[in-house]
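Visitor: Go by the hints and put chain B onto chain A.
Protein chains: 2
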Amino acid sequence: MNKVEQTLKPHDALARMLGDEMGAVTALIAERMASRHAPRIPEITAHLVDAGGKRIRPLLTLAVARMCGYSGTDHIRLAATVEFIHTATLLHDDVVDESGKRRGRPTANLLWDNKSSILVGDYLFSRAFQLMVEVGSLRILDILANASATIAEGEVLQLTAAQDLSTTEEIYLQIVRGKTAALFSAATEVGGVLAGLGDDAVRALHTYGDALGVSFQIVDDYLDYGGTEALGKNTGDDFRERKLTLPVIKAVARGDAQEREFWARTIGKGDQRDGDLKQAMDLLERHRALSDTRQEALDWAGKAKTALEDLPDHPIRNMLADLADYVVQRIN
Amino acid sequence: MNKVEQTLKPHDALARMLGDEMGAVTALIAERMASRHAPRIPEITAHLVDAGGKRIRPLLTLAVARMCGYSGTDHIRLAATVEFIHTATLLHDDVVDESGKRRGRPTANLLWDNKSSILVGDYLFSRAFQLMVEVGSLRILDILANASATIAEGEVLQLTAAQDLSTTEEIYLQIVRGKTAALFSAATEVGGVLAGLGDDAVRALHTYGDALGVSFQIVDDYLDYGGTEALGKNTGDDFRERKLTLPVIKAVARGDAQEREFWARTIGKGDQRDGDLKQAMDLLERHRALSDTRQEALDWAGKAKTALEDLPDHPIRNMLADLADYVVQRIN
Numbered sequence: 001m002n003k004v005e006q007t008l009k010p011h012d013a014l015a016r017m018l019g020d021e022m023g024a025v026t027a028l029i030a031e032r033m034a035s036r037h038a039p040r041i042p043e044i045t046a047h048l049v050d051a052g053g054k055r056i057r058p059l060l061t062l063a064v065a066r067m068c069g070y071s072g073t074d075h076i077r078l079a080a081t082v083e084f085i086h087t088a089t090l091l092h093d094d095v096v097d098e099s100g101k102r103r104g105r106p107t108a109n110l111l112w113d114n115k116s117s118i119l120v121g122d123y124l125f126s127r128a129f130q131l132m133v134e135v136g137s138l139r140i141l142d143i144l145a146n147a148s149a150t151i152a153e154g155e156v157l158q159l160t161a162a163q164d165l166s167t168t169e170e171i172y173l174q175i176v177r178g179k180t181a182a183l184f185s186a187a188t189e190v191g192g193v194l195a196g197l198g199d200d201a202v203r204a205l206h207t208y209g210d211a212l213g214v215s216f217q218i219v220d221d222y223l224d225y226g227g228t229e230a231l232g233k234n235t236g237d238d239f240r241e242r243k244l245t246l247p248v249i250k251a252v253a254r255g256d257a258q259e260r261e262f263w264a265r266t267i268g269k270g271d272q273r274d275g276d277l278k279q280a281m282d283l284l285e286r287h288r289a290l291s292d293t294r295q296e297a298l299d300w301a302g303k304a305k306t307a308l309e310d311l312p313d314h315p316i317r318n319m320l321a322d323l324a325d326y327v328v329q330r331i332n
Numbered sequence: 001m002n003k004v005e006q007t008l009k010p011h012d013a014l015a016r017m018l019g020d021e022m023g024a025v026t027a028l029i030a031e032r033m034a035s036r037h038a039p040r041i042p043e044i045t046a047h048l049v050d051a052g053g054k055r056i057r058p059l060l061t062l063a064v065a066r067m068c069g070y071s072g073t074d075h076i077r078l079a080a081t082v083e084f085i086h087t088a089t090l091l092h093d094d095v096v097d098e099s100g101k102r103r104g105r106p107t108a109n110l111l112w113d114n115k116s117s118i119l120v121g122d123y124l125f126s127r128a129f130q131l132m133v134e135v136g137s138l139r140i141l142d143i144l145a146n147a148s149a150t151i152a153e154g155e156v157l158q159l160t161a162a163q164d165l166s167t168t169e170e171i172y173l174q175i176v177r178g179k180t181a182a183l184f185s186a187a188t189e190v191g192g193v194l195a196g197l198g199d200d201a202v203r204a205l206h207t208y209g210d211a212l213g214v215s216f217q218i219v220d221d222y223l224d225y226g227g228t229e230a231l232g233k234n235t236g237d238d239f240r241e242r243k244l245t246l247p248v249i250k251a252v253a254r255g256d257a258q259e260r261e262f263w264a265r266t267i268g269k270g271d272q273r274d275g276d277l278k279q280a281m282d283l284l285e286r287h288r289a290l291s292d293t294r295q296e297a298l299d300w301a302g303k304a305k306t307a308l309e310d311l312p313d314h315p316i317r318n319m320l321a322d323l324a325d326y327v328v329q330r331i332n
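Sequence lines, in order, name chains A and B. Take the first sequence: its position 268, counted from the start at 1, is 268 in the numbering used here, and no numbers get skipped. Take the second sequence: its position 309, counted from the start at 1, is 309 in the numbering used here, and no numbers get skipped.
To be clear, the hints were calculated from the coordinates, so they are not data collected in a lab. None of these values were measured; they are calculated from a predicted model. It is possible that part of the hints are untrue.
For lysine to aspartate or glutamate, the following EDC-like pairs were computed, each having C-alpha atoms within a straight-line distance of at most 20 Å [said to hold, decoys possible]:
#, chain 1, residue 1, chain 2, residue 2
1, B, K243, A, D113
2, A, K269, B, D113
3, A, K115, B, D113
Sample of chain B residues lacking proximity to chain A, with all beta carbon distances greater than 10 Å (derived) [said to hold, decoys possible]:
#, residue
4, G104
5, R105
6, D122
7, G302
These stretches of chain A come out as covered by chain B in the derived footprint (C-beta under 8 Å, 3 or more residues) [said to hold, decoys possible]:
#, stretch
8, 118 to 126
9, 135 to 141
C-beta atoms are modelled at their ideal positions from N, C-alpha and C, and glycine is treated no differently.
One chain only, chain A, in its complex shape (with noise of 0.2 Å):
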């Protein structure tokens, strides 16, 4: 890490080394996702990208491109498609969660509604579509549509396993999976694929983006119990909102019929009272939970460092080490 990048967190210092190109992927990104006919498509894409967010999907095809070699201008393509994807996924997120705010704004389906969500969505899609096309690579088409899958099956599943206490770790992880890990990986993925890098490489840039991405769902999944307001998280808004994140679900599978009890009284039936809160992070404190979460947080970032020991030796593999790192650091 050199001095100018230490001051900075890890993807500003990306974002920074990288400028040119993210400009490049913005541009392509307000040029795709106009549309002659209906201009309510480029209004509600707009409220969502204008409002920013970290862009840490396209940033990491533009890192892995540049680590690894790659001179042509396919990664643009590439780095636009996945933040079309990840938009897609928000908007109807928004409309499935009932959301109404998202990055510090409204939703869009609040201020505009939910049909409008759902079909600028399924719009985004196809454009992300289109522009993997364009790029004329079976093999990136190949993973993005197994991504594609396996996003869409984790956000079923997290559905249908919402208030459900039989949810194992295992399930857990594959909702996870589809809400972050499958589209950092193959944001990853397809960077080195274009760099023409061999399988070994590619398998690695896969593992490094997974385990970055289940390792920033834990965290996330941690602080809600484990955080300080500071954060701006408030403490206890997936108990409230009964969401069977990892910490409930180790606390769960280690509780006595009383304490499942309680589990199925609060979360389950979503009846809830003065004091539950605080009994559910003693529960949590009791089993060991929550230091649980957050070793497997650790652990699962050391993953994505370790498979960045086979990658090749480059400024931008110390700063996606550097990212694994960061990622974690938020619960220290």
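Guide: Just chain B now, kept in the frame of chain A:
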């Protein structure tokens, strides 16, 4: 047309001729809608798929592939692909239209919920995407990506053009392409590409599918005002639902200020009173809006049949011509 087929509707004759292949498509659909962890997915898909429908899109792909002498098995994959895309669209449409019935059964959004319909629709689309990637033809992927974008853009357009009296026939046509014609033409086109047809013949297949789809939709919109109850359509449903279909677009364009006020009140604002449907029918009659709509449907069917002239002489070609005739026979 031989004796047996004369007694059958053209799509039933096609379905009989291609029975084995349709069986293989049905089996592939069942296989690919499975989900190990999320049983909600096959439940919802089966609810729609088992309800039947004419399966006209996969039939078109199979028919064209056979007509053009294709001897492989990828047409089964592509037929399943177009049916998956179609089913995904139906799931999202029913949420957007707040429909309660589809193919004579309660809709999935009613039996389960909107969330499931949205996410299972996304899942089916991603499964379609995987299937078409397996076929391994970039040209076919390009055709299906473009069709998907046309479908999605048409859907948004339909939403934003709804109740907008300034909607032109050009916009109407684009909506119709999104609703019906884009997937019809992709279904026929990919069959020909698979069989290795030349560019002119592939273009002719596109024209046939497109014109058939447009004609089909115009007939539907005609029947809503011009049909008889015996056909199972209730006269005036579109009027009550304030849909701007071709007959109304024509009547609005040809009406005077007073008539435009009538349309603005009934369709634009949805303020409908006793006698309004009768008044609307009178205006359609006065401006020859229905007879001109009927003529357009006939013209499109004619265009579909003309396109077939450039294609291989084959019994299936005659059945496809019969299908174009059959679509418009409903208005005679």
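Visitor: Does each hint hold? Answer for all of them.
Guide: Hints and how they fare:
1. B:K243 with A:D113: holds (19 Å)
2. A:K269 with B:D113: Given pair A:K269, B:D113 holds - Cα atoms ~19 Å apart, limit 20 Å.
3. A:K115 with B:D113: holds (15 Å)
4. G104: holds (24 Å)
5. R105: holds (21 Å)
6. D122: violated (4 Å)
7. G302: For B:G302, whose nearest Cβ neighbour in chain A is about 27 Å away, the distance exceeds 10 Å, so it holds.
8. 118 to 126: holds (count 7)
9. 135 to 141: Held - the stretch 135 to 141 of chain A has 3 residues with a Cβ nearer than 8 Å to chain B, which meets the minimum of three.
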